[in-house]
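> Based on the sequences and whatever the hints tell you, model everything.
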Amino acid sequence: MRANRTWLTIGGVILLILCLLPQMITARYAMHLFNLAGIFAILTLGLNFLWGWTGLLSMATAAFWGIGSYTSALLAVELGISFWLALPAAALFTTLCGVIMGYPILRLRGHYLAMATLGFNIIVVLVIINWDTFTHGGDGITGIPSPAIGSFVFDTDNKFFYLILAALLLLIIAAVRIKHSRLGRALQAIRESEIAAETMGIHTHYLKILAFALSAFYSGVAGSLYAHVTMYISPDIFNFLESARILVMLLIGGSGSIIGAVLGGFILTFLPEALRFMASWYMAVFGAGIIVLIVYMPAGITGLLTNMARRRGREDLVIPI
Amino acid sequence: MDDILRLQDIGKWFGGLEALHAVELTVGKGEIVALIGPNGSGKTTLLNLINGIYTPSSGRIFFNGTQISGLTPHEITRQGIGRTFQTIRLFPEMPVKDNVMVGRHCRTRAGILSVVFRTGAMKSEEHGIEERALQELKFLGLADQAANLARNLPYGDQRLLEMARALATNPTLLLLDEPAAGMNEAETKVLMDFIGKIRDRGISILLVEHDMNLVMSISDRIAVLNFGKKIADGDKSAIQSNQEVIEAYLGKGIRYAHSGSGVGVL
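As they're listed, the protein sequences go chains A and S. Residue 1154 is where the first sequence starts when you use the working numbering, and the numbers rise one by one after that. Residue 40 is where the second sequence starts when you use the working numbering, and the numbers rise one by one after that.
Check each hint, because a few of them may be wrong.
[Said to hold, decoys possible] Covered, in the sense of this in silico footprint (three residues per stretch, anywhere, with C-beta under 8 Å from a C-beta of chain A), are these stretches of chain S:
hint : segment
1    : 137 to 143
2    : 155 to 161
3    : 262 to 269
[What the hints assert, rightly or not] Listed next, with one range per pair, are the computed distances between beta-carbon atoms:
hint : chain 1 : residue 1 : chain 2 : residue 2 : range
4    : A       : N1283     : S       : T94       : 55 to 61 Å
5    : A       : A1319     : S       : V229      : 21 to 27 Å
6    : S       : Q174      : A       : V1445     : 44 to 50 Å
7    : S       : Q106      : A       : G1440     : 52 to 58 Å
8    : A       : Y1265     : S       : E169      : 33 to 39 Å
9    : A       : I1275     : S       : T94       : 49 to 55 Å
Hints were generated in silico from the structure; no laboratory data involved. Note that CB positions come from ideal geometry on N, CA and C, so glycine has one too.
Set out below in structure tokens:
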């Protein structure tokens, strides 16, 4: 994959603007929204491995987000472990959970897979609520410490944004590398035709588990970041409706596209704010919007742009990642 | 015995339906064997059994002396059996080149860590994958379509793409399931050429086909299935004069004349 100079420049400019954002924004809530957008972008990237590339519809993204959050929070609050260790530990533990969920449901397709993952999400939330001696149950976990390097503490949303940006960037690069490798091609082959993929020598069971693992890893990272930036987590945050919302983010941005996933995360985080003037009409508009999206723009925003570019023969205008 | 493929007493039941009964078949090294028979006679089922999509209800399949019946398709592909499908099963939303590159999956090994950290080994392996894919595309005359999405190819090229993809897996035996289906005479001639060239590469071929011109021109040996049983196995003149074969295709009660070049109806 050759990196096109123009796209790199555009990416560089966007990155620069994002780096300057915390210096320009003073309203706490606005900065907090950007942090949330970054976290949801990571979650959506994770779902992209499963749904966008492999064709596995998972409704458990929020559960892994929750497992990552709780693991990191408990390590920090109960054992005093530093964020810099808690994050990787949470990510790895969440990955393990992803493999454990994925393994028994490998043979399920379509709606059945979605239902099984939905069930998993419900179970995870119930476990967190009821195992209260360990997880603090419905009270949630408060006082999750901010990360620190020496005496510098990431205790404001503006400072924390750099952590989220760095994580998002690294995870985007990893996703791009995976997409253009034999693994990424194998995952997409499974989506396109599982029988043909298996016949071309792809060990589909193993690769599906890899997809679950990757998705869970990303969710675990997002979870840890979330816990330490909001400093309070509770079980109800990680319900299966959030999983559905993350799916909508991927659909809006463009399923399969890396930039689409990030875009979807940002759009759906800011949309409720932009539509705040609608008050109680917001949910109705949101619901109608999803229907319109599925009918007229099933490939999402990036899909629409790609189709428009291709129809005009402008392959150079197609977003490369 | 130079057989690379040997089917021993193969039977396959689907619920109460016996799709195959006591089928014995061999493919020798460097041979092109055609498998023909009326629709529903079990030809594709047999191919599915060979490449592991189904497991035999009875009997065993040997490839280069090793038993492969019971292995999963990806393991069998790894052993060296490649395959194309009767109904085209490409990866439609992926570029033509990527479709063929997928064929290299079982011959390469970069894992998740070498991919994410983009090691030197992974980069050179990736380069090799791309090279080989372009080679196979060139071999089948599809090189200029490399960047096109597979679903945009015309039908005949899609069939050739399936073959390129299967060749990328480094097979020693290639299973072709009705490669000429839907092709006109010119396309079939091109296909025939390619099949010959594939054999020249040292790959043995088991070919399921309905196009008798193609079958008779290119096969070393022809096996005939009817209602799940093998009713004939021999060279083209043996098959052409075989009464049971003729009845299977054309029915009973018609008298036939046999001349040197084929069968005519009286």
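> Broken hints, numbered, in rising order?
Of the numbered hints given earlier, those the structure breaks are 3, 4, 5 and 9, listed in rising order.
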